[in-house]
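J.: Under UniProt numbering, the first residue of the sequence shown is numbered 1, with each subsequent residue one higher.
Since the hints were derived computationally from the structure, they do not count as laboratory data. Where is the CB? At the ideal position from N, CA and C, for every residue including glycine. Be aware that one or more of the hints could be misleading.
Derived DEER-like restraints, expressed as beta-carbon distance ranges [what the hints assert, rightly or not]:
no.	residue 1	residue 2	range
1	Gln182	Asp139	21 to 29 Å
2	Tyr81	His258	25 to 33 Å
3	Glu150	Lys46	46 to 54 Å
4	Ser215	Arg11	45 to 53 Å
5	Asp53	Pro147	39 to 47 Å
6	Thr21	Gly217	47 to 55 Å
7	Ala22	Thr248	44 to 52 Å
8	His258	Lys46	18 to 26 Å
9	Glu343	Asp234	24 to 32 Å
10	Lys298	Lys55	29 to 37 Å
11	Lys211	Ile133	17 to 25 Å
12	Ala22	Lys46	26 to 34 Å
13	Arg353	Thr57	27 to 35 Å
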Amino acid sequence: EMEITEASEDRRCLVCETPITAMHFGMDACRACSSFFKRVKLSGKKYNCRRGDGKCTITGGGKVSCRQCRFDKCQAVGLAYDGPLRVNKKPQEESPDPVDPVTFPSTSTESFLDRIGREFNTSIDRRRVQERIFLEECDATARLPHPSEEMYFTSYATSLRTYDYTILETWQFFKAVFPNLQSLTLLEQKNLFALYLPKFSLMEAHFRTRKIWGSVGHYLMSSVLICVDLRNPDSWVGKEDGGVNRATLIQSIEQYTHEQCSLIVPIMNRAQLTNKEFHATLALLLCDSGDAEEMPSKITVLLDDIQVEVIEELQRYYKHEMGLSDFSTRLGNLMTLTHTMRECAALFQEFFRTQVALFDLYTAQEMFKELFI
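Work out the full structure, taking the sequences as your base and the hints as a guide.
T.: This is how it looks when you write it as structure tokens:
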């Protein structure tokens, strides 16, 4: 068992610098870092550095950090665990937890990231068909001229009605790409999905916009076929929407959109994601799902294994397909992007509840309300 002794109030964890009030293993180490160290020692897992240079910053507060660098720092500051260890018959890197093994079904030619890409494209194809049928029956749309893409302008209220398709198809994608999560209860899966969906939608919208328009400037794709004109906020809200508060509603949406873009656009500009990196990010967004200390350990183990799988495949991709010897900057950008999307998801939750409370929106969006209220 961990040894816990009282520490002075001004002490900080030697690993992550979180303020502490007690010692663990006889060292100035927080409960999270000491528990992490013990868990790694017991499991015998070996991680790879996310950035590839062994110089990642170790953060506290429940934020996901590089596990290899965190473990190395635990050892560097002198943490030691002398209890019994599990004996592995054959040492192996990234060995699965013997209590709750995780397998990623694949063929000899399909990697985890390839499967994400395939399932994502299939999901988009289904959503495109569903949105097209809906928009053909809707009067409040206008076809936007584009040399190669089909897209439409419509009101904010109309575009919301297509989001049911997004929720249902993203749920199918979620189950197909992360089959190991089916070991959780349905409630646990839905709670993870509610955290994942806003990040997935924002990531997809910005990546799709950049693929079509080159940047997020005049336009932003809010769905597969619906485009928003960022220069004309008045077009976002129908004349009948918002009532006497229509101007306030427009201002609220405009402010929210500006805040999101100010956070996402700079890091997307730096990252310049390839398709493979985009698919990897769709998995990493799930792994950065909240305070690890507040989640059941069985969930954090599953998310850890997904993240390890993604990072390993990314490193192979950078080395063998992109020919990079130093990929720390690209990996670092991806991790920054996932943290940014988590912050943006929190903004979305606040925005959504404000829209419901002040403007009585989303009255017909039952799935929306079930997930986010």
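J.: All the hints need checking, so say for each whether the structure fits it.
T.: A quick look at each hint next to the structure:
1. Gln182 to Asp139: 21 to 29 Å: For Asp139 against Gln182, whose Cβ atoms are near 42 Å apart, the range 21 to 29 Å is violated.
2. Tyr81 to His258: 25 to 33 Å: violated, 49 Å
3. Glu150 to Lys46: 46 to 54 Å: Holds, at about 48 Å.
4. Ser215 to Arg11: 45 to 53 Å: holds, 47 Å
5. Asp53 to Pro147: 39 to 47 Å: holds, 43 Å
6. Thr21 to Gly217: 47 to 55 Å: holds, 49 Å
7. Ala22 to Thr248: 44 to 52 Å: The hinted range 44 to 52 Å holds for Ala22 and Thr248, with Cβ atoms some 49 Å apart.
8. His258 to Lys46: 18 to 26 Å: This hint is violated: roughly 44 Å between Cβ atoms.
9. Glu343 to Asp234: 24 to 32 Å: With Cβ atoms ~28 Å apart, the hint holds.
10. Lys298 to Lys55: 29 to 37 Å: Check passed, 31 Å falls within 29 to 37 Å.
11. Lys211 to Ile133: 17 to 25 Å: holds, 24 Å
12. Ala22 to Lys46: 26 to 34 Å: holds, 29 Å
13. Arg353 to Thr57: 27 to 35 Å: holds, 33 Å
The structure does not agree with the numbered hints 1, 2 and 8 stated previously, though it agrees with the rest.
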